[in-house]
Every structure is written in structure tokens, then in C-alpha cells.
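Asks: What follows is the residue order along each chain.
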Amino acid sequence: AQSVTQPDIHITVSEGASLELRCNYSYGATPYLFWYVQSPGQGLQLLLKYFSGDTLVQGIKGFEAEFKRSQSSFNLRKPSVHWSDAAEYFCAVLFSGGYNKLIFGAGTRLAVHP
Amino acid sequence: EPEVTQTPSHQVTQMGQEVILRCVPISNHLYFYWYRQILGQKVEFLVSFYNNEISEKSEIFDDQFSVERPDGSNFTLKIRSTKLEDSAMYFCASSEWGSGANVLTFGAGSRLTVL
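Top line first, the protein sequences correspond to chains A and B.
Numbering-wise (this note's numbering), the first sequence opens with residue -7 and increments by one.
Numbering-wise (this note's numbering), the second sequence opens with residue 198 and increments by one.
Hints are not guaranteed to be accurate.
Stated by the list, open to error - To give an idea of the chain B side of the interface with chain A (calculated C-beta under 7 Å), a few residues: (1) Gly213; (2) Gly237; (3) Val240; (4) Phe258; (5) Ala298; (6) Gly304.
To be clear, the hints were calculated from the coordinates, so they are not data collected in a lab.
C-beta atoms are modelled at their ideal positions from N, C-alpha and C, and glycine is treated no differently.
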């Protein structure tokens, strides 16, 4: 069955530290991959996406993600975290075939210490 | 930047009451969606809608739910007789295309609290 796994429920980092949020998916072919961010009380904002081509994609707010086919992963990274990055991050996958139906991971809640 | 607008931002209702959540998708988008996020859980697909018809729906989307595009701009989700377990954040989304490499743009959500 198609699924998306975010193994880390909560992550705490210090401001200025680097960040990596993990995402793995289960699917037979290459899906379309997304990271969304949800700040407290806010909606879902698209950070970045991967459709094809270069496996390292850049997004907004200084985030990047790397698609690794061999590991079925799409990890989100940021070299230096800011306090305003505290939010919940969702990996989502769009599986080909049929109409758009994003499958979301459970989310990773990021806390940033000053 | 174009955005998806949802109203109300928060609604409190009594169990058994009907609720209508409203959404204004991006104007040139043709495909519309509702997703749900129960507190502390993952975002779940409810339904997709195109050309005035439901394209796909999840098992969550039972007979208590309905969607409609009553005019050229609004897209609504109706819950006929709310239950406690319907308490959740409901997200509307829209996209230009219905499949393939495509981006869904989400609204800020409508928080429904059923008492």
C-alpha cells in the first residue's frame, strides 16, 4: 500500500543549528514529492516540491530537500535554523495515476531553542 | 500571489447540527479538494471535485458529507448532522490539473468544533 513515513514526531534544535527532517515513502514508481509547513493556527504552505530532474531541490525560506530513489526518501534540510522556523512540517506524496490525492506523513513538530 | 480563501476560520456547533464550510479556490483552477486534520493526527484526503462532479472520495467521506460548487467562485463542504468526531481542521485546496506533476494550493483551514 502507498504510505508516507516521517519517523520523527518531535525535533528540537538550537537556533543556528542545522536541521534534517526525514521522510520515506512506499510506492512502486517515482512519486511526486512535497514538503509543506504549518505554523501554529495557520494553513499548509508549500516549501518545495520534486517532480523530476535534479534530485536536490531548493525551496522557500532557505530549505532544500534531496530525493534519493534508492532509499525511497525525500529528506528536508536547512543549514541554519531560525526561531521562526518553529512549526509542523509535513511530507506529502502524490502518487501517479488517478486524480490528485496527496498522501501526508504524520508530521514532524520542530521546536527551536534560542 | 493567488490564494485559496476559507470561511469561517472557526465554527463551533452542537452535535447533530448541519455545518457548511466555504472555500473560494484560485480563479483559474479547475480541481478542488477537501482535506481534514483531526487534532494531533495527519492530514487526510476527503474528496476531489471536477466539472461539478466528485472525482474521488475517501472512506471518510460518507453520506453525511456533500460538496457543491453553487456558483462560479465558491466550493462548499456540508456536513449534514455533525458528530463529535467531526471536530477537526478542514482544508480546502485547488489545482490547475487533476493528475500528474501538479501543485495543490491549500487554504488556511476552517476549524470545526462539535460540542
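Asks: So, for every hint listed, does it hold in this structure?
Replies: Right, here's what the structure says about each hint:
1. Gly213: violated, 28 Å
2. Gly237: Given a least distance of 9 Å, the restraint on Gly237 of chain B is violated.
3. Val240: holds, 4 Å
4. Phe258: Given a least distance of 12 Å, the restraint on Phe258 of chain B is violated.
5. Ala298: Hint on Ala298 of chain B: holds, closest Cβ of chain A at ~4 Å, below 7 Å.
6. Gly304: Since chain A brings a Cβ to about 6 Å from Gly304 of chain B, closer than 7 Å, the hint holds.
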